[in-house]
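> Next come the chains, spelled out residue by residue.
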Amino acid sequence: MSSVLTETTSRPGSSGEAVVNDFSIQVATANGSGSQTANSVLMRSIFRMGVPVSGKNLFPSNIQGLPTWFTIRANKDGYLARKRDLDVLVCMNAETADDDVREVRAGAHVVYEKKLGLENPGKKRDDVTYYAVPFSELILKITAAPEHAKLRKLIVNMIYVGVVADLMGIDPAETEKAIAKQLRGKQKAIDLNITAVRLGLEFAAESFPAKIPFRVERMNATQGKIIIEGNMAAALGCVFGGATVCAWYPITPSSSLCESFIDFADDLRVDPVTKKKNVAIIQAEDEIASIGMVLGAGWAGARAFTSTSGPGISLMSEYIGLGYYAEIPAVLFDVQRTGPSTGLPTRTMQGDILLCYFNSQGDTKHPLLFPASPEECFTMAQEAFDLAEQLQTPIFVMTDLDLGMNNWMSDAFPYPTAPFARGKVLDAAGIEKVKETWGRYKDVDGDGIPYRTLPGTPNPYAAYLTRGSGHNDKAQYSEKPQDYVNNVNRLVKKFETARTMVPKPEIQDAAGATAGLLAYGTSHYGTTEARDKLASKFGVSLDYCRLRSLPLHAEAVNWMRRHERIYVVEQNRDGQLVTILRDELPELATRFLSVRQYNGLPLDATTVIEGVLNDAPASRAGGSDAQKGGLDA
Amino acid sequence: MSSVLTETTSRPGSSGEAVVNDFSIQVATANGSGSQTANSVLMRSIFRMGVPVSGKNLFPSNIQGLPTWFTIRANKDGYLARKRDLDVLVCMNAETADDDVREVRAGAHVVYEKKLGLENPGKKRDDVTYYAVPFSELILKITAAPEHAKLRKLIVNMIYVGVVADLMGIDPAETEKAIAKQLRGKQKAIDLNITAVRLGLEFAAESFPAKIPFRVERMNATQGKIIIEGNMAAALGCVFGGATVCAWYPITPSSSLCESFIDFADDLRVDPVTKKKNVAIIQAEDEIASIGMVLGAGWAGARAFTSTSGPGISLMSEYIGLGYYAEIPAVLFDVQRTGPSTGLPTRTMQGDILLCYFNSQGDTKHPLLFPASPEECFTMAQEAFDLAEQLQTPIFVMTDLDLGMNNWMSDAFPYPTAPFARGKVLDAAGIEKVKETWGRYKDVDGDGIPYRTLPGTPNPYAAYLTRGSGHNDKAQYSEKPQDYVNNVNRLVKKFETARTMVPKPEIQDAAGATAGLLAYGTSHYGTTEARDKLASKFGVSLDYCRLRSLPLHAEAVNWMRRHERIYVVEQNRDGQLVTILRDELPELATRFLSVRQYNGLPLDATTVIEGVLNDAPASRAGGSDAQKGGLDA
Amino acid sequence: MSATPGTPAPAPKTNHIGLPKAHYEGGKSTLCLGCGHDVITKQIINAFYEMGIEPHKVAKFSGIGCSSKTPAYFLNRAWGFNGVHGRMPSAATGALVADPTLIGIGVSGDGDTASIGIGQFVHLVRRNLPLVYIIEDNGGYGLTKGQFSATADLGAKQKGGAVNAFIPIDCCSLAIELGGTFVARSFSGDMKQLQTILEAAIAHKGTSVIDVISPCVTFNDHEGSTKSYKYSKEHETPVHEIGFVPFFEETLVEIPAGDTKDVTFPDGSVLKFRGVGRDYDPTDKEKALKAIHESHGKQEILTGILYIDPSRPSLCETLGATGESLTNLPLEKLRPSREALDEIMESLR
Amino acid sequence: MSATPGTPAPAPKTNHIGLPKAHYEGGKSTLCLGCGHDVITKQIINAFYEMGIEPHKVAKFSGIGCSSKTPAYFLNRAWGFNGVHGRMPSAATGALVADPTLIGIGVSGDGDTASIGIGQFVHLVRRNLPLVYIIEDNGGYGLTKGQFSATADLGAKQKGGAVNAFIPIDCCSLAIELGGTFVARSFSGDMKQLQTILEAAIAHKGTSVIDVISPCVTFNDHEGSTKSYKYSKEHETPVHEIGFVPFFEETLVEIPAGDTKDVTFPDGSVLKFRGVGRDYDPTDKEKALKAIHESHGKQEILTGILYIDPSRPSLCETLGATGESLTNLPLEKLRPSREALDEIMESLR
Ligand SMILES: Cc1ncc(C[n+]2csc(CCOP(=O)(O)OP(=O)(O)O)c2C)c(N)n1
Ligand SMILES: Cc1ncc(C[n+]2csc(CCOP(=O)(O)OP(=O)(O)O)c2C)c(N)n1
Ligand code: SF4
Ligand code: SF4
Ligand SMILES: [Mg+2]
Ligand SMILES: [Mg+2]
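Protein chains in written order, with numbering that gives the first Met the number 0: chain A, 0 to 632; chain B, 0 to 632; chain C, 0 to 348; chain D, 0 to 348.
Calculated from the structure, these hints are not laboratory results.
The reader is advised that the hints may include incorrect statements.
[Claimed, not checked] For the chain C half of the interface with chain D, some residues (derived, Cβ under 7 Å), not all of them: (1) 12; (2) 16; (3) 117; (4) 118; (5) 160; (6) 166; (7) 172; (8) 176; (9) 281; (10) 285; (11) 317.
All values reported here derive from a predicted model rather than from experimental measurement.
Ideal Cβ positions, reconstructed from N, Cα and C, are used throughout, including at glycine.
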């Protein structure tokens, strides 16, 4: 397996010859130092040169002072997954500089604050190339003005942007455009930042005749694309999906979803005439209240949603069960973070699959959607509202910190043209046709989905009282065994109907492969990159199925039946999806081989490659192997 | 399958010849009418005659007025499961009388309040035998005194006890002893009740020359046994198990567990000298607070527990995750009721298996214990405290309404002689030995279980801060990927250790059977009765495994490996245990055939017999059959 | 519970919008005979009938408990949301911001509000959601058989004999402290006062908290009365078994304004009610708090409209929403234009 | 965080039980430079040191938030329980009834207490658990980047520009209304007053609620100041990006008894603090409530010990427990005799 590693890591650049548009840069700073803008500018400059990029921010659960790392990966083939190996390192943080250098691979290039003395005897590594920059001295040149004093710590970051631009061949013009974009119209700020970049450019030009062999060269792979975080994309989806009620409670990494929704709604949901909003957004006192508000609103007929993370879902469990049993539309975004408990609030994970699928007491199962890109955050948010109202049940949109909070390159979002699917709602006229024969929980169409009415419908037959306690199909309180059984069996039928309505899987088959990779959400990136490398470098060709929802769609089931070995890639410790797959497809149970990364970092291809190459059937066949024989990251 | 039914139901008694010590009696009254005492007396009288009995109370989620049914089953072979067919019916409730009569099988015997006129033309069934009793007139004879007036409604119940005693051959002496027992020393009450019983006896003696052919005859099968509810037994277990802190919030069907604990503690946990209690019991404001208190107490070093039902577990989910990740001992009793949501609060179910096993966000798994009798409620409560402290984690004791609130015949409880197993706790001296090398979350012994200290330990090295956020093995805050992975992998190891410590399964093998029945908790009774009948009546001989805990003990796994078809019997809709079995033993996944009853009533043998006889492998082999092909009750 | 058009043909008598009383009634109660909660239900029916509110414009909310069952017993032609225990305010909030044209009424118990539900209660009052919020207050948990709630009096005695050792939460003074805009207390037995308060509350734009003392005839217990449980228990069953519920009559009285009235309950307990006097100024926060606190000292229960502050904006205003229902807006109002999307996309390049 | 015996050798100076200050210190803070929370941490260290309490007898509790992180920064030789968000009171309750010999201190935030945690706060105060309960009150959620909490002033402005439209919960007057037995307010910047209050609170047998105003230097925002974010924002990044945290100095002052003091914060905001006067009677509930309510009207923040009532029994007394630790009782005290079990069995035959 070390063989695997070397195979995937020893690469050009080390030995000096140029590597074009294929590298990753890591910038190490301290939290709260304001490096975010600088890093975005750096990333966007490369993006504007037409080179595919992804940016991942590794930050602490703290506001200021603790170490933060921002990693930019540029890849001409469009791989956006996290990469284990770093090619270029920018050291701005004294606290972590030594470790940071220790961890880069041989042949890496290190730009650092001169004061850190990383090349001092004893410290210096002779298998990496150093570029010492006196950032703290340079910054004084341009922030002499007293009113600038307090901005030094911030603006200094722009200097490394300039240095890196020069060292790697990034077009300064694009950098300046990126700054202008980032600081929308704040001319003073723009000027100051550009000055800083130029300072870096000049310094590097003079001081470092030998440039970094990892080069950025113009290409045309980002035409029309955008850079956006998944949370913002999901918020846009809620706006275009017709959400009118949002109840939330702040929690990392989900807060920015509702906060973006607030911002968008302020623009896009204000009545031009009255200036009043046609949206109601409430920051609740906690997550129990958030879900209560969402269910109340859904019951009243609004498209309502909340966004939270694992701890919030746990708190919502009791009310979610009511949503299932009383059959109330609701959309919940679970932007997953590393659990259990408070866990690592600023690290990513796909750890709430079982929590959400089986959420709440008694027999319950809920539809889950798995967006894998900002574009899907946008489209699936809209689908979620349709499904919630069509199925009259809570729908979970399972994203994670990596997708929600990191910068993703994405196609521009398609404008939705289909009308909203509001599901089976009877208005006064509709009720008048059926009168007393209507029953809120009657399965009229044989699909397990009953007809509902909305409060305020002017018809004497329209009203009903919804409840989490036992009821018959007229929504009347009932403890009769048969009423109960009929009702919960109908809910099973409804779940079978959901199976036919949820998003289909995305399937990529290679010629004649008998084994396949199965992934969902952000595990898509490391998995598909691994798939290509397995084919090209190791001659292992595998089919691929990206699961986009639960319950399992028939097309996913068929794909699984067609494959003898299925590597299920997920970012959690226990192989949570495998648990569901083994239950749903017992006759295929032994085909599911679990490949897992659960260290809080986004999945990288190497983990998947190792998982597949080290696959030893014996160790997989399960037994009560709690580890599911998967590979630990 | 109707064949099955008739096979199991058409039986003597119908045609007049006597059936001895094998029948069930149902008494239909209204809630709040105080029939509980009368019914207990009736049950206890039979018990005192040496005949095995069980009593099941089917009551509404209401305090007064709604229908209630109490069913007494007497069975010489000791079968205690609920029986579908009724032999004798006592109709005291006008509201349900007609339905009640309609539902009894042909050949049944009906004692009823004359006023109800059940024999009136149009109403009368000619395949049942009636016994009209003017209860409302008779009662006046003995409650003439004005101060008795308001007791009439209550005392009248004792008259049917007398009537039934005469009609079925119950020894009045035993009935009187039972009354004395029930009304401990309240002489006035005892006299009044005995008078009422005698009145019934005399009336029946005079009015009904032909007695009911279902007879009670003395035998010797209850020697030394007791009658008790599971909740009371569990409370006793907590007392003898050394529990010192109890935090709870009332909820049916679990309230009586903590309420019994309060009663017992008032007697048994009062310091003879100071009259102060060496126990702290708090009725919390809700379940989130209950579990918070239990975890706080467990962290401080007390044996602490709470008792609740499904809705409470859902609310506790967030804190339970902290208990798992911070590794704090806690004992939770989940007295399961019919979900989802509020569901049927006064009906039974085994519906929280998945909720508890996988409880809370992130990767979590928890040990579950499955008591199947009051005796096991007593012993497993004690084991739960040992396990919680040895494993330093929350332990769930999964009982249900049927076990917790119904009257069960049981062997007397064994006096516990073993000392408490308090697990790996270092006192001041212990810490002094290891000093700064001690780490709260260090795996010193290779079993995944670290050593802890208790607040107040007088040693400068002993203190630590516990948290639900990421930590290293020194309990220091950490976001380091490797610290996180090491920690959660150790938790997996700890769970494997738990596998070796949890209660073993109870296994009964028949010679050479290749198929077996697997059940847990209260599903034991219907399953074992079915097993005998399947062998004796249908020539189907099956092995039996009663699962007593999760994670799966090696002995359970071996048993499963030995069997080609395993009928997993549970009282929930989705076959929740099967989900866990398929995940833990993927190579056996298709062997698990799900037999389920989920109508809120305790499992009866017929359901299991039908489930086995109608087993069609095809329909079972799973696929994405959400129903798991089981049989609906 | 869905509408039961099977109810008797409209009686001639109707309210000012021409609807018969029958249109305001609900399903049959399953509470204990004599339970004060049922009397409150009657007054809710009367209030909505008298005010001539269209039943289909009403939304009923409740949590879990005997009290929380009552929305099924009034206004069958109104919609009802029976939430989870103690978390009704959030459901009501969601529903009423989604459709502010609905008239909301919530029925809760003292356990549902002051124990498990105190958090949502506090934030409901703080947000001032337009909602009539009734606490049917019996100082205990009826539905789970009589345990103490957080409003039980210090020293109150349980049917089982236990004594409450904690001080009660007074939901009225608490609501005032929190900036409540309509706070009242009444007694289930005083139908006249209760109906007056209910009608004022329904008219109030904001949260109106009404704490209605409604003793649990089944589980309350007090000493020194031949009618008390103590007596019947001796003649009956072990304290442990509380299966028996004698029938009680409802206790009906009128509390005099500015004076007190002792009310004796079936179990022999006596409560002293005082009605606020003509001179009482319900707009003075400090005075109101003082009056309530003093009544505690005097073992009196101060009833009437205790505090009003019509000035504070209601939640719907605070949110700056249009005020119309957000549940059925046309697509055009909800989905921004293609240009709007393009603009956003451009800003992200 | 486990004890770090690596701390420097005891300085000559010790407290009256002979322990050096070092034994009361904690781990390195990871809060923003200039955060008031760190000053409170210093005073907690001083108070325990001055009172000469053995560190190993102390139990620290907190929820989630910047404030809730601070127990890791003081008394490393004491045990700590960092619970879930808003539910610390229950954990503290369980631990302190399990071992009443421990001295409990809880640190929470205004979000942790007044938003998600208000339910447990209310019941904590009601039960009067012996616990020093500190609210590090900045009117917002620091750790999640500045959203408003339930103690935010009406009209308060967020770094992002949003304005708070809801009235604040005053945890002090609320605690008094609920029957709190020790209620105080202070300011993180007034080290002297804070330490005095802390020492009194530690000595109090019951729940002592201390609301300490501790503005969030990073996310608070006010207009009209060259030092405000508005300024730096213009020279910096979109409002949206709040990645940048300038360094601030701690703001230190002394609030005069009976008089007011204006305090200006790094962001240019000004708060007016008033110290209760010598004549102030902290045992008069009505007066205390009135004084607090009036201070709201005057835009003043009333500080000092606002209310005390030593008479009410603490939870440990109420429960009638022995008072000794229940965590390590010998088997004989816990497991009843064989005879006791037999007797119970016999009663069930
Ligand atoms: C989460 C949860 N916990 C506990 C219960 C059990 N329970 C049902 S009603 C009730 C208390 C009801 O008391 P109150 O609100 O005062 O209503 P009352 O019956 O007295 O009218 C409780 C604890 C529940 N249904 N849900
Ligand atoms: C159940 C849950 N919901 C939300 C969060 C996210 N969260 C962490 S801290 C915090 C608020 C902290 O505010 P406060 O208590 O005032 O502390 P401060 O940071 O202001 O000192 C929130 C909402 C969480 N950790 N857990
Ligand atoms: S138990 Fe008490 S509260 Fe419940 S219905 Fe009966 S009398 Fe009313
Ligand atoms: S964000 Fe605010 S509260 Fe948190 S540490 Fe920084 S200054 Fe303090
Ligand atoms: Mg109540
Ligand atoms: Mg705060």
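> A separate judgement is required for each hint: does it hold in the structure or not?
Checked hints:
1. Look at residue 12 (chain C): its Cβ only gets to about 44 Å from chain D, farther than 7 Å, so that hint breaks.
2. Proximity of residue 16 (chain C) to chain D is violated relative to the hint, the smallest CB-CB distance being about 35 Å (cut-off 7 Å).
3. Contact between residue 117 (chain C) and chain D, as hinted, is supported at the beta carbon level, the nearest pair being about 5 Å apart and thus within 7 Å.
4. Taking 7 Å as the C-beta cut-off, the interface hint given for residue 118 (chain C) holds, the closest approach to chain D being about 3 Å.
5. Evaluation of the residue 160 (chain C) hint against chain D yields a violated restraint, the C-beta minimum of about 15 Å exceeding 7 Å.
6. Hint status for residue 166 (chain C) relative to chain D: holds, with the closest Cβ pair at about 5 Å, below 7 Å.
7. Proximity of residue 172 (chain C) to chain D holds as hinted, the smallest CB-CB distance being about 6 Å (cut-off 7 Å).
8. A distance limit of 7 Å between C-beta atoms decides the matter here; for residue 176 (chain C) the minimum to chain D is near 4 Å, and the interface restraint holds.
9. Given the 7 Å rule on beta carbons, the hint for residue 281 (chain C) is violated: about 17 Å separates it from the nearest Cβ of chain D.
10. The beta carbon of residue 285 (chain C) comes within 5 Å of a beta carbon in chain D, closer than 7 Å, and the hint placing it at the interface holds.
11. The interface hint given for residue 317 (chain C) holds, since its Cβ lies 5 Å from the closest Cβ of chain D, which is under the 7 Å cut-off.
Consistency with the previously given hints fails for numbers 1, 2, 5 and 9, ordered from lowest to highest.
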